[in-house]
Amino acid sequence: MPPEAKPLTAWSLLKAGLRRSPRRTAVGFAVALVAAGALLGATWLLRSMDESLAFALQRLGADMILAPRGSRVVVEQLLNTGTTTPLPATINVAEWKQRLRTAKVDGIRSVQGWSLQQGGAGKFAPATASVVLVRLESYVSPLIATLEVGQAIPEAELVVAEEAARQVTRNLQLLVRLMTMGAGVALFASILMTGLLTSVRVAERRAELGMLRAVGATRSFLLGLVLAETGIPALAGGLVGMAVTAGWLMAGPGVGSVAKLLLFGLGSALAVTAVAVVSALPPAVRTAWMDPLEAVRRAG
Amino acid sequence: MITLEKVTKAYTTRDQRVEAVQAFSGEIQAGEFIIVTGRSGAGKSTLLSLIGGLIRPDAGRVMVDGKELWALSDRDRSRLRCRTMGFVFQFASLIPTLTAVENVLLPTAFLPAGAGGNPARAQALLERVGLADQADRLPWQLSGGQQKRVAVARALLHRPAILLADEPTADLDEQTELEIVDLFTELHRAGTTVVMATHNTDLADRATRHLVLNGGLVSYAS
Chain A
1 MPPEAKPLTA
11 WSLLKAGLRR
21 SPRRTAVGFA
31 VALVAAGALL
41 GATWLLRSMD
51 ESLAFALQRL
61 GADMILAPRG
71 SRVVVEQLLN
81 TGTTTPLPAT
91 INVAEWKQRL
101 RTAKVDGIRS
111 VQGWSLQQGG
121 AGKFAPATAS
131 VVLVRLESYV
141 SPLIATLEVG
151 QAIPEAELVV
161 AEEAARQVTR
171 NLQLLVRLMT
181 MGAGVALFAS
191 ILMTGLLTSV
201 RVAERRAELG
211 MLRAVGATRS
221 FLLGLVLAET
231 GIPALAGGLV
241 GMAVTAGWLM
251 AGPGVGSVAK
261 LLLFGLGSAL
271 AVTAVAVVSA
281 LPPAVRTAWM
291 DPLEAVRRAG
Chain B
1001 MITLEKVTKA
1011 YTTRDQRVEA
1021 VQAFSGEIQA
1031 GEFIIVTGRS
1041 GAGKSTLLSL
1051 IGGLIRPDAG
1061 RVMVDGKELW
1071 ALSDRDRSRL
1081 RCRTMGFVFQ
1091 FASLIPTLTA
1101 VENVLLPTAF
1111 LPAGAGGNPA
1121 RAQALLERVG
1131 LADQADRLPW
1141 QLSGGQQKRV
1151 AVARALLHRP
1161 AILLADEPTA
1171 DLDEQTELEI
1181 VDLFTELHRA
1191 GTTVVMATHN
1201 TDLADRATRH
1211 LVLNGGLVSY
1221 AS
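Chains A and B, in that order, give the protein sequences.
Position one of the first sequence corresponds to residue 1 (the numbering used here), numbered consecutively onward.
Position one of the second sequence corresponds to residue 1001 (the numbering used here), numbered consecutively onward.
The reader is advised that the hints may include incorrect statements.
Using C-beta positions, here's what the derived DEER-type ranges look like [to be verified]:
no. : chain 1 : residue 1 : chain 2 : residue 2 : range
1   : B       : 1075      : A       : 181       : 43 to 51 Å
2   : A       : 26        : B       : 1204      : 30 to 38 Å
3   : A       : 251       : B       : 1133      : 29 to 37 Å
4   : B       : 1012      : A       : 26        : 47 to 55 Å
5   : A       : 26        : B       : 1124      : 17 to 25 Å
6   : B       : 1025      : A       : 200       : 23 to 31 Å
A partial selection of chain A residues facing chain B, derived with a Cβ cut-off under 10 Å [stated by the list, open to error]:
no. : residue
7   : 5
8   : 6
9   : 8
10  : 9
11  : 15
12  : 97
13  : 98
14  : 100
15  : 203
16  : 205
17  : 215
18  : 221
19  : 224
20  : 294
21  : 297
To give a feel for the contact side, a few chain B residues facing chain A, derived at Cβ under 8 Å [claimed, not checked]:
no. : residue
22  : 1049
23  : 1091
24  : 1096
25  : 1109
26  : 1121
27  : 1122
If you are wondering where the hints come from, they were derived from the structure by calculation, not from laboratory data.
Each residue gets a CB set at the ideal place from its N, CA and C atoms; glycine is no exception.
Please work from the sequences and hints to get the whole structure.
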């Protein structure tokens, strides 16, 4: 007798079932990997874009940014990501403040210089600055104020924060749509594939599963067995998909909180596993309620 | 004791209804060896499956040791089947990724610990059916006859009080067929109730009773 022979358990039957069709197990694993990866990637990137824009506007505390001509791209980058490439400090802050006072622009609450000489998020610069941040009173429309400020300092490039945010959202809409669609397609494909794989898997093993009923398996045991044979590769694939995607995101800039990323990843893996188990439910129920006699006789 | 009271089972195919078993009544005493013969479609397999609680009768009652099978929950019926019955079907239906001895041990997945199924007994049964040296082989490495003998050993692992065998010797050579029937006879002498469906009427003289089914009805009983 081989030394490994010992009484069987539900776990040994589960392992035997997974070994029964290794290719289908591998496909279930791969589908879950892609679906979890796409889901995590899409949700995390969407969340990051949203957060970074809000963060940048809040941190700068500006309704309008005045910058030297030709530096709009750098300013928009600063607004959208909270960080930017270096921009030389060429603005005499006191002079620009004086010109705004002279022009009697209405509704200006504060004017302050901001240095982006070192790149990054920048820092307060009272004398010589890369850009000037203008905070308006709440009753003033930034777009109307833009006209008056433009007349006072014609050489300045004016970036209104609200408008920049809207522009960025418009520019990203296609990407957002594509990412959402990608995650949706991956999930939908995983539902179809998992349901199909489970149907094929149980169809080719009807006689064995019928035999299990004959030797004492309950319906709920068969139901659990089929669902576990689907859920385990899906969970494993989901976790690997999460790890790969999280690694890819962490290798990029500004990933933020790693703990949150892993939490999102775990959520994606569990969501994909749940989808796989739910899509395997119809064939699993059919198997649990099949006629064991018919199943065993069909083996011939 | 097994009691069947006016048990009826019909199947509906695409265009017709087939009465597989019609109002069958009878008792099978503990320790009997019953052979059920009849043509294909006569209802032999259906009768065995009804006795084993594998399929639900459309009408009538099936009782095993005073318990009505279909009054029990699925869990209790499965437990009763697991502890008191052994099945041998026409096809071995072994699990391809388990070795011969592991296939024999299959009922242990559903038996409580210490209920009689253990590796030593599985090995002894494989020796009994002449497969002692094939224990670690996978089903595809065994011939059809050897697979059938593994299925017989599997059915006997937990010393069932009732053995239900549906065409257990179909597709086997004469020598293997005799070995299996000898084994069943030996089990019967040891007190096991054996109900065997077969096409081979020559085996009838081995049994304590012989039923002939025709169109779901008993046409002859001895």
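Okay, which hints does this one fail, numbers in order?
-> Checked against the structure, the hints that fail are numbers 2, 3, 4, 5, 6, 12, 13, 14, 15, 19, 26, while the rest are satisfied.
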